[in-house]
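From first to last, the protein sequence lines are chains A and B.
Under the numbering used here, the first sequence has 31 at position 31, and the numbering climbs by one with no breaks.
Under the numbering used here, the second sequence has 172 at position 172, and the numbering climbs by one with no breaks.
Please note that a few of the clues may not be correct.
Per the computed footprint, the stretches of chain B lying under chain A, defined by three or more beta-carbons under 8 Å from a beta-carbon of chain A, are [what the hints assert, rightly or not]: (1) 107-115; (2) 209-222.
Sample of chain B residues at the chain A side, in silico, Cβ under 8 Å [unchecked claim]: (3) 54; (4) 56; (5) 60; (6) 76; (7) 79; (8) 82; (9) 159; (10) 162.
Derived from the structure by calculation, the hints contain no laboratory data.
Just so it is clear, CB atoms sit at the ideal spot from N, CA and C, and this is done for glycine as well.
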Amino acid sequence: MIETFFNIDIIVAAWPIVMAGLLNTVLLSLIVVPLGLLGGLMLALLAGIRHPLVRWPLMAWVDFFRAFPPLVLLILLFAGLPFAGLELGGFACVAIAFFLNTGAYYGEIFRAGIDSIPAGQVEAARSTGLSRLQAMGYIVLPQAVRNVLPDLLSNTLEVVKLTSLGSVVAVPELLYQARQAQSLTYNPTPIVVAALIYFLLLWPLVRLLSRLENRALAGRH
Amino acid sequence: MTTPLPIVDARGVHKHFGALHVLKGVDLTVAERELVFVIGPSGSGKSTLLRCLNRLEEPSSGSIVVDGIDMLDPRTDINHARQRIGMVFQSFNLYPHMTALGNVTLALRKVAGKSRAEAERLGLAALERVGLADRAGHTPGQLSGGQQQRVAIARSIALEPRVMLFDEPTSALDPELVGSVLEVMRALRESGMTMVVVSHEMGFARNAADRVVFMDDGLIVEQGPPAAIFESPAQERTRAFIGQIQRH
Numbered sequence: 001m002i003e004t005f006f007n008i009d010i011i012v013a014a015w016p017i018v019m020a021g022l023l024n025t026v027l028l029s030l031i032v033v034p035l036g037l038l039g040g041l042m043l044a045l046l047a048g049i050r051h052p053l054v055r056w057p058l059m060a061w062v063d064f065f066r067a068f069p070p071l072v073l074l075i076l077l078f079a080g081l082p083f084a085g086l087e088l089g090g091f092a093c094v095a096i097a098f099f100l101n102t103g104a105y106y107g108e109i110f111r112a113g114i115d116s117i118p119a120g121q122v123e124a125a126r127s128t129g130l131s132r133l134q135a136m137g138y139i140v141l142p143q144a145v146r147n148v149l150p151d152l153l154s155n156t157l158e159v160v161k162l163t164s165l166g167s168v169v170a171v172p173e174l175l176y177q178a179r180q181a182q183s184l185t186y187n188p189t190p191i192v193v194a195a196l197i198y199f200l201l202l203w204p205l206v207r208l209l210s211r212l213e214n215r216a217l218a219g220r221h
Numbered sequence: 001m002t003t004p005l006p007i008v009d010a011r012g013v014h015k016h017f018g019a020l021h022v023l024k025g026v027d028l029t030v031a032e033r034e035l036v037f038v039i040g041p042s043g044s045g046k047s048t049l050l051r052c053l054n055r056l057e058e059p060s061s062g063s064i065v066v067d068g069i070d071m072l073d074p075r076t077d078i079n080h081a082r083q084r085i086g087m088v089f090q091s092f093n094l095y096p097h098m099t100a101l102g103n104v105t106l107a108l109r110k111v112a113g114k115s116r117a118e119a120e121r122l123g124l125a126a127l128e129r130v131g132l133a134d135r136a137g138h139t140p141g142q143l144s145g146g147q148q149q150r151v152a153i154a155r156s157i158a159l160e161p162r163v164m165l166f167d168e169p170t171s172a173l174d175p176e177l178v179g180s181v182l183e184v185m186r187a188l189r190e191s192g193m194t195m196v197v198v199s200h201e202m203g204f205a206r207n208a209a210d211r212v213v214f215m216d217d218g219l220i221v222e223q224g225p226p227a228a229i230f231e232s233p234a235q236e237r238t239r240a241f242i243g244q245i246q247r248h
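Next up, chain A with everything else stripped away, as it sits in the complex (with noise of 0.2 Å):
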């Protein structure tokens, strides 16, 4: 059973495939949390314009890519743009389908915190001179985000989750290395040890998650 799931051999000869894989696993959450994370902040931004030209839009937009399964935008922009003669490579559309997906997510988080900030804050930056965005970034943000952070945290770990579709398109992240690393070796062994290096990635993110959930729900008392 160890031999099957668990082999010694295989994990050092797999060990350099899968670091590889993990690498980019990284690099590409490093570049898609904050892609998203940006994304979410523009919507939130333009949220905050009530005049229908923007707010129409903006709400399917935001509607329509949460209700969109990111696997399938990813293979739509993968398979569908090299026809519109557009070729931009597993990893690019990896970083755009996540930017659309997770940014409408990030969107309504950063929405939700900017909406439970009292007017009051607002006029008092206001009413001594501060400009509607000066108010936005010194007073409203860093309180809105403190007050989402457990939900931007959970989010993040969803899209660092997520990152394994790039396997789809062939962007060599843990679980596409993983999976050449078991082909290679007829030996499920390389899946076990990416799967648990997920574990390992994202349980400390899970711990901080509870930590955050409950003081939030101590601070309501």
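Given chain A's structure and the hints, the job is docking chain B onto it.
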């Protein structure tokens, strides 16, 4: 004798909220160093009038000139103009994620363009004036309501405004904390600050105000020295209101 230019000169101010006509053509002038007290039943439009003076609320029509600046002119740099108009809110509206000193120095640094050191020097001086220099490092959550409101006053006076607007500054305070805030307001008045105060603190109005303005239903019904308004109001509506609040 020529009358000096008023600090606040509002004329024919109307404000609609949808179908609601909240201000129905209000004229209000406030001279330099004058303390004008605005009273009236809730919904009379007094807070809205105050909020129109620094354009937190956009008047539907009329003109508002503060310290020679046309507040409603689209070419006016409203953020620059607002530095000259301090405002104190019923619910303090301190920034909870900053210390008392951080609250006071933010606009000094980001609007008035002072260096951090200079802003902190001015900020501490402002906190000193409200008797809270020793609380500079406290966050709002660590301060009592009265202390929070005094920090809010310091936040405004640090910018050296030409006029201060108070929107029911003591209404959210426990009774035992009201005195400390009124004391700061009195000291501010004695230093020559021009003030417009919307409040129910009639005792304060009686011995600190130069003029009391009674508003009802979106209009100024009557105004005059506190003694005249409180002892012998000319209008029936004023008399009814004064009688009502004095029974409490």
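We went through each hint and held it up to the structure:
1. 107-115: Holds: 4 residues of the region 107-115 of chain B have a Cβ under 8 Å from chain A.
2. 209-222: violated (count 0)
3. 54: 6 Å, holds
4. 56: For residue 56 of chain B, the interface hint holds, since the closest Cβ of chain A sits about 6 Å away, which is under 8 Å.
5. 60: Violated, about 18 Å.
6. 76: Violated, about 12 Å.
7. 79: With Cβ-Cβ at 5 Å, under 8 Å, it holds.
8. 82: This interface hint holds because 4 Å falls under the 8 Å limit.
9. 159: 6 Å, holds
10. 162: 13 Å, violated
The structure fails to meet hints 2, 5, 6, 10 from the earlier list, while all remaining hints are met.
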